[in-house]
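There are 2 protein chains.
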Amino acid sequence: MKKTIIINGTFVTGRTEENVLEGCMVIEGNRLTYIGKEIPEPLENYDEIIRGERKLYMPGLVNTHGHAAMTLLRGYGDDLALQVWLEEKMWPMEAKFGPAGVRSGTLLAILEMIKGGTTTFVDMYDHMNEVAQAVSVSGMRACLTRGVIGLCPEDIQEFKLKEAIAFAKDWNGAAGGRITTMMAPHAPYTCPPDYIERFVQAAHDLDLPIHTHMSETKREVEANVEQYGLRPVQHLEKLGVFTRPTLVAHGVHLTDEEIAILAKYNVGVSHNPGSNLKLASGVARVPEMLRAGIQVSLGTDGAASNNNLDMFEEMRLAALIHKGVSGDPLAVPAAEAFRMGTSMGASSIWLDDIGTLEAGMKADFIALDLDQPHLLPRTDYVSHIVYSASAHDVVDVYVDGQCIVRGRECLTLDEEKIKREFEDTFTRLTKG
Amino acid sequence: MKKTIIINGTFVTGRTEENVLEGCMVIEGNRLTYIGKEIPEPLENYDEIIRGERKLYMPGLVNTHGHAAMTLLRGYGDDLALQVWLEEKMWPMEAKFGPAGVRSGTLLAILEMIKGGTTTFVDMYDHMNEVAQAVSVSGMRACLTRGVIGLCPEDIQEFKLKEAIAFAKDWNGAAGGRITTMMAPHAPYTCPPDYIERFVQAAHDLDLPIHTHMSETKREVEANVEQYGLRPVQHLEKLGVFTRPTLVAHGVHLTDEEIAILAKYNVGVSHNPGSNLKLASGVARVPEMLRAGIQVSLGTDGAASNNNLDMFEEMRLAALIHKGVSGDPLAVPAAEAFRMGTSMGASSIWLDDIGTLEAGMKADFIALDLDQPHLLPRTDYVSHIVYSASAHDVVDVYVDGQCIVRGRECLTLDEEKIKREFEDTFTRLTKG
Numbered sequence: 001m002k003k004t005i006i007i008n009g010t011f012v013t014g015r016t017e018e019n020v021l022e023g024c025m026v027i028e029g030n031r032l033t034y035i036g037k038e039i040p041e042p043l044e045n046y047d048e049i050i051r052g053e054r055k056l057y058m059p060g061l062v063n064t065h066g067h068a069a070m071t072l073l074r075g076y077g078d079d080l081a082l083q084v085w086l087e088e089k090m091w092p093m094e095a096k097f098g099p100a101g102v103r104s105g106t107l108l109a110i111l112e113m114i115k116g117g118t119t120t121f122v123d124m125y126d127h128m129n130e131v132a133q134a135v136s137v138s139g140m141r142a143c144l145t146r147g148v149i150g151l152c153p154e155d156i157q158e159f160k161l162k163e164a165i166a167f168a169k170d171w172n173g174a175a176g177g178r179i180t181t182m183m184a185p186h187a188p189y190t191c192p193p194d195y196i197e198r199f200v201q202a203a204h205d206l207d208l209p210i211h212t213h214m215s216e217t218k219r220e221v222e223a224n225v226e227q228y229g230l231r232p233v234q235h236l237e238k239l240g241v242f243t244r245p246t247l248v249a250h251g252v253h254l255t256d257e258e259i260a261i262l263a264k265y266n267v268g269v270s271h272n273p274g275s276n277l278k279l280a281s282g283v284a285r286v287p288e289m290l291r292a293g294i295q296v297s298l299g300t301d302g303a304a305s306n307n308n309l310d311m312f313e314e315m316r317l318a319a320l321i322h323k324g325v326s327g328d329p330l331a332v333p334a335a336e337a338f339r340m341g342t343s344m345g346a347s348s349i350w351l352d353d354i355g356t357l358e359a360g361m362k363a364d365f366i367a368l369d370l371d372q373p374h375l376l377p378r379t380d381y382v383s384h385i386v387y388s389a390s391a392h393d394v395v396d397v398y399v400d401g402q403c404i405v406r407g408r409e410c411l412t413l414d415e416e417k418i419k420r421e422f423e424d425t426f427t428r429l430t431k432g
Numbered sequence: 001m002k003k004t005i006i007i008n009g010t011f012v013t014g015r016t017e018e019n020v021l022e023g024c025m026v027i028e029g030n031r032l033t034y035i036g037k038e039i040p041e042p043l044e045n046y047d048e049i050i051r052g053e054r055k056l057y058m059p060g061l062v063n064t065h066g067h068a069a070m071t072l073l074r075g076y077g078d079d080l081a082l083q084v085w086l087e088e089k090m091w092p093m094e095a096k097f098g099p100a101g102v103r104s105g106t107l108l109a110i111l112e113m114i115k116g117g118t119t120t121f122v123d124m125y126d127h128m129n130e131v132a133q134a135v136s137v138s139g140m141r142a143c144l145t146r147g148v149i150g151l152c153p154e155d156i157q158e159f160k161l162k163e164a165i166a167f168a169k170d171w172n173g174a175a176g177g178r179i180t181t182m183m184a185p186h187a188p189y190t191c192p193p194d195y196i197e198r199f200v201q202a203a204h205d206l207d208l209p210i211h212t213h214m215s216e217t218k219r220e221v222e223a224n225v226e227q228y229g230l231r232p233v234q235h236l237e238k239l240g241v242f243t244r245p246t247l248v249a250h251g252v253h254l255t256d257e258e259i260a261i262l263a264k265y266n267v268g269v270s271h272n273p274g275s276n277l278k279l280a281s282g283v284a285r286v287p288e289m290l291r292a293g294i295q296v297s298l299g300t301d302g303a304a305s306n307n308n309l310d311m312f313e314e315m316r317l318a319a320l321i322h323k324g325v326s327g328d329p330l331a332v333p334a335a336e337a338f339r340m341g342t343s344m345g346a347s348s349i350w351l352d353d354i355g356t357l358e359a360g361m362k363a364d365f366i367a368l369d370l371d372q373p374h375l376l377p378r379t380d381y382v383s384h385i386v387y388s389a390s391a392h393d394v395v396d397v398y399v400d401g402q403c404i405v406r407g408r409e410c411l412t413l414d415e416e417k418i419k420r421e422f423e424d425t426f427t428r429l430t431k432g
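Read top to bottom, the protein sequences are chains C and S.
Its first residue numbered 1, the first sequence is counted upward by one per residue in the working numbering.
Its first residue numbered 1, the second sequence is counted upward by one per residue in the working numbering.
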């Protein structure tokens with residue numbers, strides 16, 4: 001088994017103790033086997049020695065909610081009212097994607113994400129075989145699910161559910177375990193209650209978790225109350241969703257009682273600050289959720305509502321907006337935002353062996369170029385990561401022990417080919 | 001006079017008509033003399049031909065409020081309560097800066113700013129001769145002022161005022177006109193009323209504008225009312241400040257009446273969203289100010305409260321937070337945030353010949369590398385600039401017709417030397 005050592009590096013481990021250390025880290029196969037100040041054995045015992053001077057190593061970022069193929073809609077109709085944007089811009093274009101469009105848009109998203117330090121992402125979309133194949137070749141880690149909108153005739157509902165089940169079965173544990181799957185009714189407002197219950201049953205049958213959009217907008221919460229007499233959290237609780245491990249996206253409009261229910265069932269919340277702000281959905285009650293013990297992670301959402309897939313920005317937004325809105329300069333400190341982007345992201349998707357740099361964990365980590373004006377002086381590295389760094393500072397990326405980005409170059413994907421095909425796809429979609 | 005043409009470029013001009021065009025731009029000396037689709041005269045007539053394929057050209061960014069030397073305090077004591085941060089971290093360190101510290105911190109800030117596409121900045125600090133000299137060698141444009149805190153004995157007040165006047169006189173119009181100056185009483189809460197009036201008189205005598213902090217925190221506004229019976233805007237109005245052209249920083253806590261007063265006197269407001277959020281000062285009423293016709297520009301503030309000097313982020317925050325907080329997805333659209341970062345920044349500091357790409361304007365412009373995943377597809381370039389781009393996308397920077405950054409390398413400053421001296425300075429300050 002290949003044995004690599006990184007020496008003279010600066011490490012932000014994400015552990016409670018010795019969060020920052022100067023020293024070295026050993027990778028054997030797909031695992032970290034040592035991290036500490038001293039070199040554990042003579043350098044001649046290693047197959048590869050990497051000099052880590054002026055690099056900052058940290059766990060890879062975990063993006064817990066998104067729709068990768070929507071990179072094709074980046075900048076396509078911004079600054080419009082929500083319904084106009086959806087009905088006149090997003091939906092007509094998405095309807096034309098097909099498998100080829102999803103492949104092309106997803107590959108560009110993966111390229112952007114891995115070059116920017118995201119090592120794991122959640123994707124909820126259609127034509128998911130294309131997504132899984134793209135993940136497989138890219139070397140990234142992903143938790144994937146066929147997101148199903150149930151506002152359709154029963155036979156189509158049936159077809160979509162079967163498709164979602166087949167995808168979840170086929171790909172769970174694939175790509176050497178880098179791919180896991182979930183079941184995903186799209187949202188309470190796009191799936192009738194009995195249809196959601198069928199997803200819950202399937203998740204039980206397959207022993208899989210559930211992912212869904214929930215309480216993103218005030219309007220949607222009000223409509224849920226009008227239609228079902230319950231707010232979305234109680235509605236999903238009643239349908240049995242939380243009898244499965246669950247990750248909900250957004251959770252912007254929550255009452256104290258709803259927060260307590262989510263905490264009780266250990267439901268994770270993917271906070272998407274960039275998307276929530278851009279779509280004017282509001283500001284999620286993140287400090288309250290964290291205080292209640294909820295695992296709050298971070299997601300970019302699709303590139304149509306963000307508009308980039310830079311997880312450093314999501315950490316920064318999470319650390320900034322809750323201070324500004326609450327008036328408390330200690331709301332969501334940098335260290336908490338860092339955990340939201342790394343270890344809480346990992347545990348939110350039930351991956352307990354990624355998200356920190358510790359012996360025994362899988363080797364999913366990234367290196368930032370510290371030798372840049374905006375990352376000086378050498379004061380507080382966690383603060384630099386959250387308040388000053390960006391996707392562009394990432395130089396090296398490892399997933400499952402494999403180096404997939406080195407010196408800002410992606411080693412697993414042909415960047416030029418992907419960009420050209422993406423532009424061709426976009427041209428085809430807009431002309432077609 | 002040297003004549004340069006950029007051909008086959010994509011230009012975001014900042015003009016009302018033809019805001020985006022594919023074509024070419026001519027620079028003669030320090031001015032733009034042509035921008036349009038066609039090449040105006042045979043290429044052999046030009047001294048330099050630049051191929052602009054896959055580059056996005058736009059006006060240089062204008063940072064209208066900051067304290068450059070505070071890069072030395074980046075990450076030095078983040079996530080503390082405001083008073084602890086100021087009294088235990090910021091002030092003791094700043095007291096030790098001296099001219100050498102200010103020089104070193106400012107040079108690093110300038111390096112970060114110009115490499116990130118900021119071509120003009122406002123600086124309010126101490127030891128301003130050092131700042132002006134750094135600006136002079138860097139090739140940047142700046143509007144500088146000695147910020148004076150008047151909570152001190154009369155003889156010190158007198159000394160500081162004289163120093164501020166001497167600096168403003170000596171450097172106004174220096175560096176071939178790239179440097180202009182202002183008079184700056186630090187803030188209503190740090191300068192007694194009679195002292196502010198002396199700044200107003202000096203500004204009249206020297207025919208200079210005034211810059212000051214105003215209404216950054218709720219507490220400060222309340223204290224102003226307690227002490228003087230007036231809110232800060234009315235207080236400054238009464239002291240005659242607005243009889244001079246004025247730029248105020250922050251303006252977070254304003255009533256409708258105060259907004260009307262600022263509009264009446266044509267007072268510019270430098271909105272600092274990153275700093276206001278991080279310090280939990282609140283969210284300024286930017287949509288209301290813009291509707292009232294106030295020139296709202298963008299500032300990073302010092303790196304201790306931001307923590308980087310990336311003006312793309314300030315544009316993005318300005319475009320995002322007001323949507324999220326107001327619930328209106330059309331609040332501060334991308335095009336408005338773009339103007340805040342460029343042309344409104346320029347006019348806020350009374351520079352009417354920068355801020356757009358038009359024949360007759362000074363040649364202050366930047367080029368972004370468009371050939372990157374996060375800037376595809378080629379949909380809406382203004383949207384890409386505001387919602388997706390960052391300082392790291394900037395490859396070339398021109399100020400006053402001179403190329404000061406080419407291919408991400410600064411041509412006027414020795415980056416390695418500045419970074420090493422900066423680290424030495426920081427070490428000296430923390431050990432001393």
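A hint or two may mislead.
Copies of one chain are not kept apart here, so a pair can be met inside one copy or by any two copies together.
[Unchecked claim] In silico lysine-lysine, DSS-like type, Cα no more than 27 Å apart, as pairs:
id, residue 1, residue 2
1, 238, 96
2, 419, 218
3, 55, 37
4, 419, 162
5, 264, 218
6, 169, 417
7, 431, 2
8, 160, 89
9, 37, 264
10, 3, 417
11, 2, 419
12, 37, 431
13, 3, 264
14, 89, 238
15, 419, 160
16, 2, 238
17, 2, 417
18, 3, 96
19, 96, 431
20, 160, 55
Derived from the structure by calculation, the hints contain no laboratory data.
We went through each hint and held it up to the structure:
1. 238 / 96: neither (36 Å within a copy, 63 Å between copies)
2. 419 / 218: Neither: 38 Å inside a copy, 49 Å across copies.
3. 55 / 37: within (15 Å within a copy, 45 Å between copies)
4. 419 / 162: neither (33 Å within a copy, 59 Å between copies)
5. 264 / 218: For residue 264 and residue 218, only the intra-copy Cα distance (23 Å) is at most 27 Å; the inter-copy one is 37 Å.
6. 169 / 417: neither (31 Å within a copy, 57 Å between copies)
7. 431 / 2: Neither way: residue 431 and residue 2 sit 50 Å apart in one copy and 43 Å across, limit 27 Å.
8. 160 / 89: within (24 Å within a copy, 58 Å between copies)
9. 37 / 264: neither (40 Å within a copy, 62 Å between copies)
10. 3 / 417: neither (33 Å within a copy, 37 Å between copies)
11. 2 / 419: neither (33 Å within a copy, 37 Å between copies)
12. 37 / 431: Between copies, since 24 Å is at most 27 Å while 58 Å is not.
13. 3 / 264: Answer is neither: 43 Å inside a copy and 70 Å across each miss the 27 Å cutoff.
14. 89 / 238: neither (35 Å within a copy, 52 Å between copies)
15. 419 / 160: neither (31 Å within a copy, 57 Å between copies)
16. 2 / 238: neither (50 Å within a copy, 75 Å between copies)
17. 2 / 417: neither (31 Å within a copy, 39 Å between copies)
18. 3 / 96: Answer is neither; intra-copy 47 Å and inter-copy 48 Å both fail.
19. 96 / 431: Answer is within: at 11 Å inside a copy they meet the 27 Å cutoff, but 63 Å across does not.
20. 160 / 55: Result: close neither inside a copy nor across copies, 46 Å intra and 43 Å inter.
In this structure, the hints that do not hold are numbers 1, 2, 4, 6, 7, 9, 10, 11, 13, 14, 15, 16, 17, 18, 20, in rising order.
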